[in-house]
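**Student:** Residue numbers (my numbering), protein chains in the order written: chain A, 10 to 151; chain B, 10 to 151; chain C, 10 to 151.
Heads up, some of the hints might be wrong.
Where chains are identical, the list cannot tell them apart; a pair therefore holds if satisfied intra-copy or between any two copies.
[Unchecked claim] Cross-link-like lysine-lysine pairs, in silico, BS3-like; alpha carbons within 27 Å at most:
#, residue 1, residue 2
1, K71, K86
2, K71, K30
3, K29, K86
Calculated directly from the structure, the hints in this document are not laboratory data.
Since this is a predicted model, take the numbers as computed values, not measurements.
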Amino acid sequence: MFPDIIMEADLTREIPVRTKKRNELVDITAAIQELIDESGVSEGICHIFVPHTTAAVTINEKADPAVATDISNTLEKIVPAGWEYRHAEGNSDSHVKSSLVGASEFVIITGGQPLLGTWQAVFFCEFDGPRSRHCVVRITGD
Amino acid sequence: MFPDIIMEADLTREIPVRTKKRNELVDITAAIQELIDESGVSEGICHIFVPHTTAAVTINEKADPAVATDISNTLEKIVPAGWEYRHAEGNSDSHVKSSLVGASEFVIITGGQPLLGTWQAVFFCEFDGPRSRHCVVRITGD
Amino acid sequence: MFPDIIMEADLTREIPVRTKKRNELVDITAAIQELIDESGVSEGICHIFVPHTTAAVTINEKADPAVATDISNTLEKIVPAGWEYRHAEGNSDSHVKSSLVGASEFVIITGGQPLLGTWQAVFFCEFDGPRSRHCVVRITGD
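When you get a sec, could you build the whole thing from the sequences and use the hints?
**Tutor:** The following block contains the structure:
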């Protein structure tokens, strides 16, 4: 799902994500781990940013894939696509979901590893797919 | 809307924001760009923090102003001001909205520019206006 | 509520949090202040991360404890535990709340102090307690 990780600037990288549904959570932890390895940073911060207005990034459970589905489905119940909105593109719910979940998230790096809990993974959240998307990652530290 | 950008400490700056409605999203991207320019930072992170408990910061679409209105209105539908709350100041919904959207957000800086998507802007979110507010910005990098 | 702050790595620390209810916000500002003092950092960023998938971190009002209760109760109204979910552990609502509020938050440090608004405190958000939990804190700066 992440065909090529593209170099953007010295320390900023892109993770391409191809989504397949309108609402979908895609686990990008492996790509983040790869970028941390490549950076050689042992102690620092991994900043993850989504440059799209109908997508987001979150950290949640990977062990049972039903959790990611529950998050997608429940966001759809909280912010139904069918409500009345002013924006005429039919994706106002996607914009609201994006602001609720958020465009930025960070992970602490320690011992060269992302400090995630046992059950945690980093997910790209698609709210207006299927589309070709990407995340931007900047790693700071030493 | 940002009359004077005030120097707070060496690298921490304030962006004043005057809001005009109870619920309103104010685009502060120009002020952030100005602070990045002033900082001279080429590669780094711009940290944006809202020191208020009934406001927040989000990144979303600027192209169609209807999106910002949809976000405000939809948050009001999700967390109605008219629900029963314990806090007696009549702004409990504002506090909940603040925690849903969040007090902190960061933007990656690359090539001296905030790395935002084509449609993205940074918005100060007012949930209990009109008021005189501010955002705090700290830029790190080199 | 924070019996021992544990050293994890050079600059990464844990704040233990013992929660007493299923849904509860615990003020961890004093522990964060202590870690900033210990770090000796005068100008920087305090990164706060929750390594749990049914908990979160938020910044909101401390003056009236009714606000924290309103946030907990209102999140329960927005994402009821009784809705139908796929994940079979009975805590899908907790996972959704975790993604809505978010696992990471930062505070700007200036003059050796966390730059918080007058009414702001940092809260650990429990959504599936009571449990023994922790926050991870990494302080960067000089």
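**Student:** Compare the structure with each hint and give your call.
**Tutor:** Structure-based check of all given hints:
no., hint, verdict
1, K71 with K86, "both (22 Å within a copy, 26 Å between copies)"
2, K71 with K30, "both (19 Å within a copy, 25 Å between copies)"
3, K29 with K86, "within (20 Å within a copy, 29 Å between copies)"
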